[in-house]
Amino acid sequence: MSNWIIALAALLAAGILAVHQRDAAASARRVNRALESELRVLRERADGLARRQAGLERQLGAAREQVRQVRAVRAQSVAAAAETSRPADAGRPGGWKTGGPDCYLPKRDLAAVGFPLFEGGRLSEAAVTLFGMTRPEREAVEAAYDNLWRKFRDLEIERMELVATPEEWQPAVENSLSYRIPALGTESAALGEEFFAALGQALGAGRAEYLGPVAGAYLQQNLDDLGQTARIISFGQKRQPDGEVQFVYGVINEGISRALEAIREPVPEDSQAAYYARLLGIAVPIKGR
Amino acid sequence: MTDQQLLNEYARQGSEHAFETLVQRHVHLVFATAARHLGGAGPAEEVTQNVFIALARKATQLRDHVALAGWLHQATLQEARRWWRGELRRQRREHTAAELGTTMNEAPSLLATLTGLLDEGLLELREMDRQALMLRYCENLSQREVAARLGVKEDAARKRIGKALERLTRFFQRRGYAVGSAATTVSVLRAAAQMAPAGLAATAARAALSAGAVAKTGGLTMLLGKLMALTKTQTAALSLLVAAGPVISQWHAARAQGAERRRLTSELTALRQEINRRERSLARVGLQLRYSQADVAALAAGGPAGTEDAGRGPGETQYLWDEQSGYVRVPKHLLSQLILSEAGMQPRGKAKPARVQRPVLAPDGTPSPVLLDALDLTEAERTGATEAVRGVYGEFERLAARQSVITNPGGAAGEGPLSVTLVTPPFPQAGAEWRQRLGQELAAVMGPERAGIFQQQSANALGDALNDFGQDQSEVTVTRTADGCLGIAETYYEPDGSTRARSGAGLWRPVPDALQPLVAGWPNAAGPPDLSSPK
Chain Y
5 MSNWIIALAA
15 LLAAGILAVH
25 QRDAAASARR
35 VNRALESELR
45 VLRERADGLA
55 RRQAGLERQL
65 GAAREQVRQV
75 RAVRAQSVAA
85 AAETSRPADA
95 GRPGGWKTGG
105 PDCYLPKRDL
115 AAVGFPLFEG
125 GRLSEAAVTL
135 FGMTRPEREA
145 VEAAYDNLWR
155 KFRDLEIERM
165 ELVATPEEWQ
175 PAVENSLSYR
185 IPALGTESAA
195 LGEEFFAALG
205 QALGAGRAEY
215 LGPVAGAYLQ
225 QNLDDLGQTA
235 RIISFGQKRQ
245 PDGEVQFVYG
255 VINEGISRAL
265 EAIREPVPED
275 SQAAYYARLL
285 GIAVPIKGR
Chain E
-10 MTDQQLLNEY
0 ARQGSEHAFE
10 TLVQRHVHLV
20 FATAARHLGG
30 AGPAEEVTQN
40 VFIALARKAT
50 QLRDHVALAG
60 WLHQATLQEA
70 RRWWRGELRR
80 QRREHTAAEL
90 GTTMNEAPSL
100 LATLTGLLDE
110 GLLELREMDR
120 QALMLRYCEN
130 LSQREVAARL
140 GVKEDAARKR
150 IGKALERLTR
160 FFQRRGYAVG
170 SAATTVSVLR
180 AAAQMAPAGL
190 AATAARAALS
200 AGAVAKTGGL
210 TMLLGKLMAL
220 TKTQTAALSL
230 LVAAGPVISQ
240 WHAARAQGAE
250 RRRLTSELTA
260 LRQEINRRER
270 SLARVGLQLR
280 YSQADVAALA
290 AGGPAGTEDA
300 GRGPGETQYL
310 WDEQSGYVRV
320 PKHLLSQLIL
330 SEAGMQPRGK
340 AKPARVQRPV
350 LAPDGTPSPV
360 LLDALDLTEA
370 ERTGATEAVR
380 GVYGEFERLA
390 ARQSVITNPG
400 GAAGEGPLSV
410 TLVTPPFPQA
420 GAEWRQRLGQ
430 ELAAVMGPER
440 AGIFQQQSAN
450 ALGDALNDFG
460 QDQSEVTVTR
470 TADGCLGIAE
480 TYYEPDGSTR
490 ARSGAGLWRP
500 VPDALQPLVA
510 GWPNAAGPPD
520 LSSPK
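Chains Y and E, in that order, are what the protein sequence lines are.
If you read the first sequence in this note's numbering, its first letter stands for residue 5, the second for the next number, and so on.
If you read the second sequence in this note's numbering, its first letter stands for residue -10, the second for the next number, and so on.
Just so you know, the hints here were simulated from the structure itself, not pulled from any lab data.
Treat the hints with care, since some could be wrong.
[Said to hold, decoys possible] With a cut-off of at most 27 Å between alpha-carbon atoms, the simulated DSS-like pairs for lysine-lysine come out as follows:
no.: 1; chain 1: Y; residue 1: K101; chain 2: E; residue 2: K321
no.: 2; chain 1: Y; residue 1: K155; chain 2: Y; residue 2: K242
no.: 3; chain 1: Y; residue 1: K242; chain 2: Y; residue 2: K291
no.: 4; chain 1: E; residue 1: K341; chain 2: Y; residue 2: K155
no.: 5; chain 1: E; residue 1: K152; chain 2: E; residue 2: K142
no.: 6; chain 1: E; residue 1: K221; chain 2: E; residue 2: K47
Take the sequences, apply the hints, and build the full model.
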């Protein structure tokens, strides 16, 4: 009899373990299927982007050739455009000239004035004009931001992991795709410091002092403060009281805040919602696309 | 019937008679072999029974086995060894090892010596040769009977027996014994033969049949029977070994899926990074193309080009920074892209405070100093503009106070969540008059150009404060939540049926005067906290 008990106990224990392992394997298979599906979507996107870029580059080449040909005939047009630089006129402290093309803003107000710093990855006209950037200065600032953006996004991508729908969104949000990005801590903070140092180098201490707070606010709002807190990004669907199914975008800053917003109209192209939608292959309407 | 046929009959049909016949045939062989090794009839009987029990249990496996006598011989030797191991353990426990050694030290005769080596010699032979010798000399069958048992002709059986004797004789000679001929070997064989006690065959057959009854039903029951014969440790080990199969299989499956997930994640990471790079690159190329196309258009129109090289639009001037000056020069058209107001840091609970832009007009209508600086207004102009705006604010508030209605005045009393709502109806005609008069007054103060910029900058603030110059119906709901927090929600119902709403903390509009008495006891009833200046 005791042999029977031993055999049954051993088989029972093994059975429990086997069932646990089977469930783990099944769960892993489901996750892998989701990853494979996402991979297919992103591969198609990457191919599409490559084709579009090739097309644009062909068009650019053709346009540049046209310009070159006309310039070769009208070379003085280029010289004329280069002479319309306007310094601030140190001899005139402010003032408003009615009918004139320009006006004056006190430098002390530059840190307060509201304006978009970057648009589509490039400095806005307002930013370039307010801070009197030359072409090399503009390119240097844009390169610094491009470097920050690329490294920050690469860091996010390396660390992000697929997770289940957060409890905060259950059960209202259906068919959701959620990714958790852990706090990026000192690595991303170092990227921010590198960016601000590059700003100072490109524009000098004077302009960097005015532009710094604006740039800091931009990073806080548009790059989630360089990922200083862990976040869970979710896209899903939510059924409205009238039965309509609405696309939703949710962000949970762990331990701090959470927000779930319905996507009723195309989102701005520079927004975080647009970026993560493109990154995860979610078909969210984006302005200008 | 041959041994094979009898065994088949027992294994397939459970024929007890067939098994008993087998036992009768070979009991002497088995007993004699056991007796040679165990030195006593008692142990030999016990071993004999065990051998036939084993035969009964293995009948299904052995039914195609031709040389049954050889199998019985080997089984007997194994059982004898097993018996000796048990006996030695018992005697060690009973401290009779010395007696055993004394018994073993008696000097044997040549015949006895060769008899002791007989089984070893038999095991050296081929199975059919061993079978033939044992049938002929241990079971004392005639050559004809041996031939019938082996299923061969008598002559073949005679030759087989002869060759087997020669080989056994050479075995003894190799061991250094003076065995002159096969006759000596025959004597050894005959001496080794021993009749089993009467009744042993029946006893052994009964014991085997009852023990082997479970073997008649087939493989599973036989397996279970074997399981019962194992020790606890063997049982546990066997069970774990059997159970390990599915566990290992599932573990491998989970491991494979984990490896696949890592591969997919790695590929996704690389692909996402590549897509990011391509999109940035695409944006850059797109912008360069727009500039180039603008240049093409400009050149086609006969104008200047230089957009792409300069990174600016056609005809745009480049405004430079002057470190010596306290001002920056900007084109007037740029003002419409700016918000000429102050910035503040808005608290957000546990999150870092966020930089927010204050309205261009304060709740009481005072214009932002940034707007006034940008328009380069004198003190008199600033005063004039402020008075013009506040004048309109005052007219709105007076009209709103007369026409607004508190829809749920009782909602401010009691415990728990409370709310009161003030509804202000639209008055579009009065609002249109205010708009026109405000524009005229501002133009009179600062000129039409600056007045236009002033109105463009303050449009949002004026719209919120004046219900879009009386076009909208507004509802302001002040709530006190269950945990005592105060919230203000504003909803504007526009003529086209759309709504816009604001709610929560950080509102720039205080609690309406009409609701102040009702919510006087509520926290933060005076209005939202003042925001700090930008750092």
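Okay, the hints, checked on the actual structure:
1. Proposed proximity of K101 of chain Y and K321 of chain E is supported: the alpha carbons are some 10 Å apart, at most 27 Å.
2. Restraint check for K155 of chain Y and K242 of chain Y: the C-alpha separation of about 34 Å exceeds 27 Å, so the hint is violated.
3. Restraint check: the Cα-Cα separation between K242 of chain Y and K291 of chain Y comes to about 22 Å, which is no more than 27 Å; the hinted pair holds.
4. At most 27 Å may separate the alpha-carbon atoms for a hinted pair to count; K341 of chain E and K155 of chain Y meet this at roughly 23 Å.
5. Taken as a hint, the K152 of chain E and K142 of chain E pair is honoured in the structure, with Cα atoms around 16 Å apart against an allowance of 27 Å.
6. Among the hinted pairs, K221 of chain E with K47 of chain E is consistent with the structure: their alpha-carbon atoms are about 23 Å apart, no more than 27 Å.
When each numbered hint is compared with the structure, a violation occurs for hint 2 only.
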